[in-house]
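A.B. asks: Now for the letters of each chain:
Protein chains: 6
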Amino acid sequence: MLELKKINKFEAGERIDGFYLIKTAEVKTSSTNKRYMDFTLGDSTGEINAKLWEMNEGYEEDFVPNSLIKVRGVVSAWQGSLQLKIEKIRLTVKADEVDIKDFVPVAPYTAEDMYQVILDYLGRIKNKDIKNIVNEILSNELERIMYFPAAKKNHHAVRSGLLYHTSTMLKAGDKLSEIYTFLNKDLLFGGIILHDMAKLYEMDSSELGIVSDYTIEGHLLGHIIQGIKIIETAGEKVGADKEITMLLEHMVLTHHYEPEYGSPKKPMFPEAEMLHYLDNMDAKMYDMKKALEDTEDGEFSEGIWSLDKRRIYKARNF
Amino acid sequence: MLELKKINKFEAGERIDGFYLIKTAEVKTSSTNKRYMDFTLGDSTGEINAKLWEMNEGYEEDFVPNSLIKVRGVVSAWQGSLQLKIEKIRLTVKADEVDIKDFVPVAPYTAEDMYQVILDYLGRIKNKDIKNIVNEILSNELERIMYFPAAKKNHHAVRSGLLYHTSTMLKAGDKLSEIYTFLNKDLLFGGIILHDMAKLYEMDSSELGIVSDYTIEGHLLGHIIQGIKIIETAGEKVGADKEITMLLEHMVLTHHYEPEYGSPKKPMFPEAEMLHYLDNMDAKMYDMKKALEDTEDGEFSEGIWSLDKRRIYKARNF
Amino acid sequence: MLELKKINKFEAGERIDGFYLIKTAEVKTSSTNKRYMDFTLGDSTGEINAKLWEMNEGYEEDFVPNSLIKVRGVVSAWQGSLQLKIEKIRLTVKADEVDIKDFVPVAPYTAEDMYQVILDYLGRIKNKDIKNIVNEILSNELERIMYFPAAKKNHHAVRSGLLYHTSTMLKAGDKLSEIYTFLNKDLLFGGIILHDMAKLYEMDSSELGIVSDYTIEGHLLGHIIQGIKIIETAGEKVGADKEITMLLEHMVLTHHYEPEYGSPKKPMFPEAEMLHYLDNMDAKMYDMKKALEDTEDGEFSEGIWSLDKRRIYKARNF
Amino acid sequence: MLELKKINKFEAGERIDGFYLIKTAEVKTSSTNKRYMDFTLGDSTGEINAKLWEMNEGYEEDFVPNSLIKVRGVVSAWQGSLQLKIEKIRLTVKADEVDIKDFVPVAPYTAEDMYQVILDYLGRIKNKDIKNIVNEILSNELERIMYFPAAKKNHHAVRSGLLYHTSTMLKAGDKLSEIYTFLNKDLLFGGIILHDMAKLYEMDSSELGIVSDYTIEGHLLGHIIQGIKIIETAGEKVGADKEITMLLEHMVLTHHYEPEYGSPKKPMFPEAEMLHYLDNMDAKMYDMKKALEDTEDGEFSEGIWSLDKRRIYKARNF
Amino acid sequence: MLELKKINKFEAGERIDGFYLIKTAEVKTSSTNKRYMDFTLGDSTGEINAKLWEMNEGYEEDFVPNSLIKVRGVVSAWQGSLQLKIEKIRLTVKADEVDIKDFVPVAPYTAEDMYQVILDYLGRIKNKDIKNIVNEILSNELERIMYFPAAKKNHHAVRSGLLYHTSTMLKAGDKLSEIYTFLNKDLLFGGIILHDMAKLYEMDSSELGIVSDYTIEGHLLGHIIQGIKIIETAGEKVGADKEITMLLEHMVLTHHYEPEYGSPKKPMFPEAEMLHYLDNMDAKMYDMKKALEDTEDGEFSEGIWSLDKRRIYKARNF
Amino acid sequence: MLELKKINKFEAGERIDGFYLIKTAEVKTSSTNKRYMDFTLGDSTGEINAKLWEMNEGYEEDFVPNSLIKVRGVVSAWQGSLQLKIEKIRLTVKADEVDIKDFVPVAPYTAEDMYQVILDYLGRIKNKDIKNIVNEILSNELERIMYFPAAKKNHHAVRSGLLYHTSTMLKAGDKLSEIYTFLNKDLLFGGIILHDMAKLYEMDSSELGIVSDYTIEGHLLGHIIQGIKIIETAGEKVGADKEITMLLEHMVLTHHYEPEYGSPKKPMFPEAEMLHYLDNMDAKMYDMKKALEDTEDGEFSEGIWSLDKRRIYKARNF
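The listed protein sequences derive, respectively, from chains A, B, C, D, E and F. Following numbering that gives the first Met the number 0, the numbering of the first sequence begins with 0 at its first residue and continues without gaps. Following numbering that gives the first Met the number 0, the numbering of the second sequence begins with 0 at its first residue and continues without gaps. Following numbering that gives the first Met the number 0, the numbering of the third sequence begins with 0 at its first residue and continues without gaps. Following numbering that gives the first Met the number 0, the numbering of the fourth sequence begins with 0 at its first residue and continues without gaps. Following numbering that gives the first Met the number 0, the numbering of the fifth sequence begins with 0 at its first residue and continues without gaps. Following numbering that gives the first Met the number 0, the numbering of the sixth sequence begins with 0 at its first residue and continues without gaps.
One thing to keep in mind: the hints can contain errors.
No copy is singled out in the list; a pair is fine if it fits within one copy or between any two copies.
Below, in silico cross-link-like pairs of lysine-lysine (DSS-like), each with a Cα-Cα straight-line distance of 30 Å or less [unchecked claim]:
1. K152 <-> K33
2. K313 <-> K151
3. K4 <-> K69
4. K170 <-> K241
5. K283 <-> K241
6. K22 <-> K236
7. K125 <-> K84
8. K127 <-> K8
9. K22 <-> K8
10. K69 <-> K87
11. K170 <-> K283
12. K264 <-> K69
13. K93 <-> K151
14. K100 <-> K50
What the hints contain is simulated information worked out from the structure, not anything from laboratory work.
Based on the provided sequences and hints, a complete structural model is requested.
C.D. replies: Next up, the structure:
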């Protein structure tokens, strides 16, 4: 049996066998007017160009970006790069027991653990209306929430990133409400859980946690407006006090803080204000931590787009 | 019987009788520690300060700004201004047959006529879902829509100003869709009727069409977000196609065009784009026409706040 | 006789004959140190790279971008693309009876019809001075106005686009002045006709309606300032009332509305304000209509540069 | 002995005796050409106008705004307001045992307790250089730091406000570094303590914690630049590693985040980023809490200048 | 004969005689229903309120702001201020030999001297077309240019301020062209002389150099556009080369540099760029010098509006 | 002996010998898995790609960008471009007597002459403290200042550009202080010399005057803040008056004028204001002069990045 090879171990001339993620897929036409597929395949160690010269029925529909595949082929060198000529290809199946973490970035905790954090905080909410509204909204999305990222790119664009972002904010919000004791925890926890929940409707994500595109409604309305809609509907359904519904809607509406970032109003009570800081702070900490992981002591990272192209410095002293 | 006098005819020393609008009302304490009421009264001809030295039970609650009152009193001169000492005062009643136009600015057409224009265009909408949504929303507010202004101040801040603004936009939209024939009239007419409808929930207006303040929800969410909420609810109630609901919501969401004016997204289809122009154009035409009514030929108006403090010129030649 | 082939019908190996537009033309040097010409040729169906290996005297000057040529050659495949080796080449002549519409985008009405619309509205202007100024300015440019586009790229960048833009605005302005009856039609029609007229001096356009570049004066002053200059000169020549001249100049000066778009002043009377809306609205309707023509139902267009990179949505329902 | 009266208990005609704060003081000339002093006096219950008709030598220099005085006088009513005619006046002395809290707003903890918090965190800093630099800077200002406010107006503009702001941020930073464990606590605590320390040199404050004005250097350089200067000097004095000094300077430089708020650079490492959020969040929480203290349930506060004129809402439900 | 008294020497009770400038003039109605005039009079030493109780025919038209008058009256004290009761009043005549400098701010050189500077630089221009255009424009305004200020308020808002500003810029431009020797002096000097010349048509100024208002054309077009118009007309009249005219127009067009300050284009050649700096620098130097004249050593001036409200510091050391 | 060939004289097939500057250097791996070096070499006449197939020990470290090398090799043509195959390579040595001007852009005066200009102006400063501070700062950098450019790219990014920029500004400031005589020359000259001096610490420059990158401190603080630090340290060392130090620091702090360009404060005295204009003006004159050197009469330059992408026009008439 052939060894399952990682991409960075490929050498020209050898035959390989392994599981890879399709990063890009394109149908092209050869000089002999024959259709073939041109892929970029990836795993946790790197990427390689691959050609599939014999196209069968249904290949074009099956082998799309963000699919996990099993592949057999031969490696060759072409113009200084390695290339894989695919001989056999199929989608992975459950029995393959492929570990997603080997192919896509994932949050550092399991989805189950992070979801439990959210349930714990939900359990601490005393106000019935807030608890009911949050519960109603969560219960519609028990499945997709487990793998959804928090963004298409930028901060928390990893599998289960939405849970990761939300659960970290809950913990931080909990801590800060020990300092700023006048904050209403029910409102704060409820607002945190709901603030990005409509990203589930703004974006299309595969189970790998990779966003292919925004939904039509996501384009036309955006997750802030979509979030208000689901709170309104949930509030009506559970018969919540109108003010409670309105307060949660205001928190979602204002959490981006600036009109040019999608919030036409600014926070008008402290829990909404704090939600904004928790959100922004968690995103920035995520991005900076990530930038520093790839940076040497005494060096700057590349310019990070989501940090206004700032280059992040890793001190020599720490 | 005493003559019903207009304020600009008042002379020091005479006794008068008439109907006036309370513009401001304040309870003050005299140097002898007695409570009295200090008013500014107005009619179509001017304003005058008035004192009510004898306060009865309930006066403070009854005689509030924007009430129409019947008053008898004596005019005196004090520090170069005229002042009215009130002897008798009561709220007007139906039998007084007071004409609102004599006290507050009103739209140039009757509310009934303008509402009929809206119904006519509603009748021309062929798409069932759009027709049903608009109908559902209108039917909740048959009364208040008749007198509501379109703003607290600035454009169309007159009694029935909301109807005036909406019906003019419908007519203009109708005309322009003869030029730009690819526009969908159902969507355009529906969007126009709905675009400012949630002002009914954003502001508190007396039946005189004078806005005392924004509502709590108006402050926290604003009429754009409130408009989306009522469309969402109406859409669910009438079982409309999801895309239709979303298109109308997008039109309301984007009609202010710029984030800093409350629209976090820009129009993404032509009917939404046209709605924005019709709205903006109608507001600007209203403000300019009004500015010129008070301006002489060959002169500039005062700087108009809602026109970025522009001074409007009235040409000598026309 | 060879068939006149459209580019999208070319196949490797065949010999073709046809009329094409030179899109780009460059003189290059081959590895054997020989000068040759490298073209991109286009027609209504597509584009193809073409090489002319044998350069004659004058070729470099004759075969410049935006020329229509007759070509004979052989198609070959190179690195997956088709390429044309030119054997014979000449500029088209009248006798070829080439239809411009087959090569460049044109307005949907004939230049003659659109010019007639402008003359009709000119005929409706009652004010002698306005009529004379407009007439004076038009009469200087009877020829070039027939093919000039309204822009180098973006809205109305088609042959006769200037006439198309102006005549549509006249029709829309006419409609809206039935709603906003206080507008002075003489001023409005005059302002519309003149507002972009100096684009004739701002840009250099071939008779195909393709702008090669801005003129020196166009760069240094821009069509707004150039427009004021021609109105000033025309006003003096026809002995117009100074205020009339000034009003028309103000309309041209302010029609871009914002300083960063070239208008240092904002409109100070309603006809100037309306001119701005008509201009902006017509440009936006044009761009949106065009974007939707290439878009499927239920899909978004590409991001459109002139619409702030917005992607335009084509509803499924309409 | 006369009773020590609070201002809100004054009645016309009575003679009073008490301690008050001079809020404004002006020397005026009476109609009889005599110089007298016109004061606004205040205590924790309100304000009153007061006249001192007999001016002695040195009064003008002694009785300046923000002085605490002992006063005897007679209350009268004039034009509907009460007024105090001063008979005896002197500055307070230690023996009067006046409690500052009765006259000016103060932080909710004692200066000693809050300073101890800072010392505790200083004690937790392990890096010698950071500890030495912070220590050096603190040791120069043992006295003034006890009463200095954090601002002339806006957030933490109370006696000992600088200690209050700094110690709260240390506690919050401590909490958040339990969530974001990759943060270096030495750097974070050091940066927090130093970030506003140069306000001691930017503003002139009385011992009451009231800022009369900015210093000349405060005007010309500002506390961010002044802070960098004192870190540079302290760093050189204690012989700190150059990078450590630079990191602390960067934290001070960037803590306002935006150029238009005084930070020409943005944070380039996570501790600097976090410092900004802690600073901003603490200021906003302070302002919102304060706004809500004066607001009824279900009402909005006045527009708060330091919150971009936002009106803060106090929910009915909480 | 009565002494001619300066306002700061007035004492209650005395009768005075003198020349003053009318700063404000208003017709009011007394409590006895009699019309009277209420003035603010000023001279180089201060201002005083004055009443003219007996109004003759024509007074209202004659005694308008910015007129110089001879007055006799009696000084009295009222509510702590002095007031003048006018007994005799007349406009000044030539025989009074009043010196304007005693009443309004004037440039530090005589208009004749500054105009001569301009003529000297005009004489140094070698290019015929530039010289002719400048000459043509100057020759139209030989009179008004002598007293015109350069602004309504802000920099050089003094009698002959336009000459002062222009002549200083010429001197500075001359100096700098010795450093930047590639600058064309003809273009630079021509551009400087013309850059603000249309202020003569933008504003209405009395012979005292005080601007009462902008002209209609000044409002609608502004001095930049008006300047281009007069250059265009002059260029045609003297038959100048088209490029020369265009270059001068571009210099006027761009000298404010930023769209929001009125320049829709930025300078595109060095002489235009330099013109901008000379203009801006001269304005700023003027404003700063003026601010420091009223400031003590070691103190800040008031915030200066035209310097973005900056307060200017006068060093102790110099 | 082989001729020393300029790059623009290279022809395919010949063997050449010469001195060149390494512009880029990269180690690559050939298809046969061998490491080789790929260079871009340049001289005053052009650039060429070069390959060094045989890599010795230490080559990678020696032959880095911005090194001057002696090279022998053979020219070949490849895909229409020339390429150099390197046979021998070494770094230049003093004995080669290579003239830097042949390889990198340099200022038009010698470093020695420009440095003398600075010393002359330093000699004219009468104030002891200013003279001492400037002297102290200059004396630390006698070597590097001779070759440092004033920028990484844009204005004065040439060898000795810092001296060129500074000495030109001194001359211009001297001239203008003859016009604006109230300016303090000591402060102005001192401020000019110091304003960009910290660029020596912000950037790393080779002796060729080419900046490879910003320093860590340059990134984290920037030359404005670094400049304040060196003035503070120098001021303390020479025992300067605190106000003098502060004034110089304010000048450095404010010389970029706008927050978004790095100056958190605006100039608050005229010498600081003038410093800004001198700096800006000198940069712009440099960029425009350079742009015009590559432009034909009657043509526009390319868009210049440092001039907001403006294209600069070279008039036909001059």
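A.B. asks: Please flag the earlier hints that this structure goes against, numbers listed from lowest up.
C.D. replies: 1, 6, 7, 8, 12
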